[in-house]
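Starting from the structure of chain F, add chains V, P and R where the hints point.
4 protein chains.
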Amino acid sequence: MKLGMVGLGKMGANLVLNLLDHKHKVVAFDVNDEAVKKIEGEGATGAHSLQELIENLSKPRIVWMMVPAGEITESVIEKLLTYMEADDILIDGGNAFYKDSLRRADEAKKKGIHYFDVGTSGGMEGARHGACMMIGGDESVFKTIEPIFQDINVEKGYLYTGAVGSGHFLKMVHNGIEYGMMQAIAEGFDVLEKSEFDYDFEGVARVWNHGSVIRSWLVELMERAFSKDPKLSNIRGIMNSSGEGKWTLETALDLQVPTPVIALSLIMRYRSLEDDTFTGKVVAALRNEFGGHAVEKN
Amino acid sequence: MKLGMVGLGKMGANLVLNLLDHKHKVVAFDVNDEAVKKIEGEGATGAHSLQELIENLSKPRIVWMMVPAGEITESVIEKLLTYMEADDILIDGGNAFYKDSLRRADEAKKKGIHYFDVGTSGGMEGARHGACMMIGGDESVFKTIEPIFQDINVEKGYLYTGAVGSGHFLKMVHNGIEYGMMQAIAEGFDVLEKSEFDYDFEGVARVWNHGSVIRSWLVELMERAFSKDPKLSNIRGIMNSSGEGKWTLETALDLQVPTPVIALSLIMRYRSLEDDTFTGKVVAALRNEFGGHAVEKN
Amino acid sequence: MKLGMVGLGKMGANLVLNLLDHKHKVVAFDVNDEAVKKIEGEGATGAHSLQELIENLSKPRIVWMMVPAGEITESVIEKLLTYMEADDILIDGGNAFYKDSLRRADEAKKKGIHYFDVGTSGGMEGARHGACMMIGGDESVFKTIEPIFQDINVEKGYLYTGAVGSGHFLKMVHNGIEYGMMQAIAEGFDVLEKSEFDYDFEGVARVWNHGSVIRSWLVELMERAFSKDPKLSNIRGIMNSSGEGKWTLETALDLQVPTPVIALSLIMRYRSLEDDTFTGKVVAALRNEFGGHAVEKN
Amino acid sequence: MKLGMVGLGKMGANLVLNLLDHKHKVVAFDVNDEAVKKIEGEGATGAHSLQELIENLSKPRIVWMMVPAGEITESVIEKLLTYMEADDILIDGGNAFYKDSLRRADEAKKKGIHYFDVGTSGGMEGARHGACMMIGGDESVFKTIEPIFQDINVEKGYLYTGAVGSGHFLKMVHNGIEYGMMQAIAEGFDVLEKSEFDYDFEGVARVWNHGSVIRSWLVELMERAFSKDPKLSNIRGIMNSSGEGKWTLETALDLQVPTPVIALSLIMRYRSLEDDTFTGKVVAALRNEFGGHAVEKN
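Residue numbers (the numbering used here), protein chains in the order written: chain F, 1 to 298; chain V, 1001 to 1298; chain P, 2001 to 2298; chain R, 3001 to 3298.
Any given hint could be a false lead.
Below, a list of computed lysine to aspartate or glutamate pairs in the EDC-like style, where the Cα atoms sit at most 16 Å apart [claimed, not checked]: (1) 2079(P) <-> 2055(P); (2) 3156(R) <-> 2223(P); (3) 3194(R) <-> 274(F); (4) 1194(V) <-> 2274(P); (5) 2111(P) <-> 2085(P); (6) 194(F) <-> 3276(R); (7) 3025(R) <-> 3055(R); (8) 2111(P) <-> 2138(P); (9) 1194(V) <-> 2275(P); (10) 1231(V) <-> 2276(P); (11) 3156(R) <-> 2202(P); (12) 3228(R) <-> 3200(R); (13) 2194(P) <-> 3250(R); (14) 1099(V) <-> 196(F); (15) 3297(R) <-> 3275(R); (16) 2099(P) <-> 2074(P); (17) 2156(P) <-> 3223(R); (18) 25(F) <-> 40(F); (19) 3231(R) <-> 3276(R); (20) 2156(P) <-> 3055(R).
Hints in this document: simulated from the structure, not taken from any laboratory.
So here's chain F without its partners, still in its complex pose:
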């Protein structure tokens, strides 16, 4: 098939390579000219504007977006919807908040454009060689684009998840689980690190991946990370986050679902961003006031 790709960052560029591997034709655009030039070198057709991208596709057009969540997605979709026409298909493969996707799907529908929200997991490697995709949107239209998903994902690695919004919702929850798993693994290694024993962490990760209950890709990745830096001594423990964990928690709160582990995983990430905390100052001040416990001075 022929389709357009908007966004050639880590995920988008790898997806294009993946599509090309499977003999799809791709018209690719990014605001960064270098990225466009580079992907042209790989066999894609470069476009230098959204409009040019649209003009290079034939109707009904298929456009796949892989751009950062938030304002960028918003403005790209807004523009695409002005260029696209009835029966065209717009796929948002980024990490949008599902409520935004629901709203955007409504906007698209007004013009007769079919909107699909596709949650993508598997990191860069997945994008390149086979990811996991969760796809919400109109089921009958989905049939027409299903071959693409069959090609670019690992076997059984895509799922039509139901109505529009359900793809991004599912990906959001996937990431919430990911936060919890990562924090659990990390806490475990922290206990090992502070224990009286002297573990070979790479060996630990390896053995846990061979036969144990917690075998998983994340533990595999820890083996890889420890193979490069056995005590992670070059890495600062700053845990950034890009929104999906927060969305999961906010959604859980709206639905009144008790998600303490996802909540704490996120909260500990925020905690890691601070060197000192006002919370700590207040508790230290209180202990000093009632018990005369010494405070450490700045």
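This is chains V, P and R only, laid out in the frame that chain F set:
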């Protein structure tokens, strides 16, 4: 090799079958005669007392224990140490608390007996067809029994972890991580279940296992569970626990390692054991006292 | 002074009585005619519509709203703004989310109306005999209404908190702290209740209120609650919530402030609303799959 | 009455002054000679050894210990029990773990000595001018020493809590609640500190203490702390702990009482002791491995 197996429950019996598959000779004992009879039918030599088991082994003897943690392990080891002699090898493959293992290893050492604490993960399937084992004890003695571990575990599925105690410690932390991962996965499905979308949970578990960041054996097991009971409607959400999560948290507290996710995973298990809580009564009473908010009556 | 009161529920009615005690004149309205009739009997002037209430006040009018957060506040303010005029003063004493208050203050400002967001704490007793009020809005206009706050609150029981929005924000955070304190107290009593000792809870609450570090109004209220029902056996442990704790947590997440205790206080309230959980079912199913642990059937 | 005081630290010395105020006679000992000299200057009889202290009391002797929990308490009691005789009364007013107190009471009982475990709250001010005491031990013997508790505590500020152990157990739980309350208050101020508003924290603490639901001694202490250092800029947010919170959590785990807020209060204290965390390093490494997210280097 020839070795003794004490304890023929779910794990022990499967381990014996696994050992027999690999041409080891096993003398097997359990307090339950039926279990002994059954394992004899599979090719093991049955023993009807610990003493008989010891007498059926030649020196230096290798005895593997696979009995429940706590009092039973305590009393079995006590008796075994009276029958065993210098240079014999005692392997505790159960889920003992590592401080108990340190103490027991000391007792064994007084008699010249080599004690190994072996943490075993992989469930019944692992015990049967290849588990993951974490082994603490004397390194040079370990070399003599290493072939057994090579045979009965999956490839790369065992690790000599260092000094005595380190095997059970590592298994304990493994289980702490397991608690966190399980709770994370469970919270995620709970959010899905309460969402506005109508997911096919079996399909969700399947797609998450093909290419996603959270692919793992636990998610595989969820696919299997949902294939039997799509909404788990036959299962009550009572989360029992058998001690390792608690030990992990207690150890983390002793070491002052912040493990909020492991802590909450355990705490939510305890919460699941109660239909109503006194905590809830107190909060409801307070809201009634200061705000006149109605309480629900028993 | 003369002012209008909109909303004669638990809080509003008590506030009117409090104002009347201090010789203020109150025109009072509620959608519930009975409530209006009742308050007329106490000395207020009843109004049967918002318009009538406004007509009974002289310019610049002071109108105090004490209505439930959300849609009701929204529609009341919308109507009031059509009747009120430049230089009038609109006080929202309810539990509105501060972002809504910021928006509403903007709307009011377009018409030259001064909007104050007043967080009120102290429960019904406070409303009646002296509460604690946190007041955001224009500082110079505040001076003109300050005598009212001086009269109806306990000594030192009001604070001009700064720009519009800061009153409701502060009240929100107050409630977040309240959630945490309540849960902490409740957990403590739960530990006592399950302990091997046989405590007199009323006595415990009393002694804690006389000289201890945790002496507080909430513990006083527990003494009162236990005096009525020594083991709270008539109360179900269902912990409802009315939004402020959730707003505090959501705001903390937006500001990336780690608030684990406030988070868990809220999450445990949600947990208390469920008899059984899907989270629990998933964990029980997993334990059954990998370890053969029995599940309890529905 | 006449009694002995062992331990003249912050709490013990203030208790002696308090006892002297109420016309009790005190024989006082501390390993620190300066402390003994100082208290002699206040009217107590100094003793330079435990033996001397005992010899200065007439039978049945009353000895009050106010020494740090753990090894010191252990060794002091051991010695005292060798000097004391049947019908003497030994009061442990420190923060001992209740299981230790149960064991010590047993030891005392063998010699016919009456042991009382007294939990003391109220900080130094309380010790000096009236604290809150929770007293476990033999009820009939308690009657004979009750006048002391009546004198030195605030009105209604002592409670006979039941069997031996119940006093320290109750104090332990009190401190668990204290941890939760402190963390809740601290989180709230942290949200305020990071908000868009510019609050006068001293004013906030003051107004919260006048009529609000969260009015409490702890909030009073915050007013005092902010009056000295309006933004606590001189204090580092290091939250030490002295054991009672940990005991409460460990006890809750043993009793399977879900105490998430107490757990998190303690865990965040531990977190505050670290500048960087291994947990954070693991999560950062994982994000880098699967998503190519940059890590911050050391």
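Taking the hints in turn, this is what the structure says about them:
Annotation: proposed proximity of residue 2079(P) to residue 2055(P) holds, straight-line Cα distance about 14 Å (limit 16 Å). This hinted pair checks out: residue 3156(R) and residue 2223(P) have alpha carbons roughly 13 Å apart, not beyond 16 Å. For the hint linking residue 3194(R) to residue 274(F), the alpha-carbon distance of about 12 Å falls within 16 Å, and the restraint holds. Under the criterion of a C-alpha separation no larger than 16 Å, the hint pairing residue 1194(V) with residue 2274(P) is consistent with the structure, at around 12 Å.
Taking the CA atoms of residue 2111(P) and residue 2085(P), the gap is near 7 Å; set against the 16 Å cutoff, the hint holds. Distance hint between residue 194(F) and residue 3276(R) is fulfilled; the C-alpha atoms sit about 13 Å from each other, no more than 16 Å. Of the pairs offered as hints, the one joining residue 3025(R) and residue 3055(R) holds, with about 14 Å between alpha carbons and a cut-off of 16 Å not exceeded. A threshold of 16 Å between alpha carbons decides the hint, and for residue 2111(P) with residue 2138(P) the separation of about 15 Å falls inside it, so the pair holds.
Distance restraint check for residue 1194(V) and residue 2275(P): the Cα-Cα separation of roughly 15 Å lies within the 16 Å cut-off, and the hinted pair is therefore satisfied. At roughly 13 Å between alpha-carbon atoms, residue 1231(V) and residue 2276(P) fall within 16 Å of each other, so this suggested pair holds. As the CA atoms of residue 3156(R) and residue 2202(P) are separated by approximately 12 Å, the hinted pair is consistent with the 16 Å bound. With a C-alpha separation of about 13 Å, the suggested pair residue 3228(R) and residue 3200(R) falls inside the 16 Å cut-off, and the hint holds.
For the hint linking residue 2194(P) to residue 3250(R), the alpha-carbon distance of about 14 Å falls within 16 Å, and the restraint holds. A C-alpha spacing of about 11 Å is found between residue 1099(V) and residue 196(F), which places the hinted pair at or below 16 Å, so the restraint holds. Distance check on the hinted pair: residue 3297(R) and residue 3275(R) sit about 15 Å apart at the alpha-carbon level, within 16 Å; holds. The suggested pairing of residue 2099(P) with residue 2074(P) holds, with an alpha-carbon distance near 12 Å, which does not exceed 16 Å.
For the hint pairing residue 2156(P) with residue 3223(R), the CA-to-CA distance comes to about 13 Å; that is within 16 Å, so the pair holds. For the suggested pair residue 25(F) and residue 40(F), the alpha carbons sit about 12 Å apart, so the restraint of at most 16 Å is met. Distance restraint check for residue 3231(R) and residue 3276(R): the Cα-Cα separation of roughly 24 Å exceeds the 16 Å cut-off, and the hinted pair is therefore not satisfied. Of the supplied pair hints, the one linking residue 2156(P) and residue 3055(R) is violated, its CA atoms being roughly 54 Å apart against a limit of 16 Å.
Hint violations for this structure: numbers 19, 20, all remaining hints satisfied.
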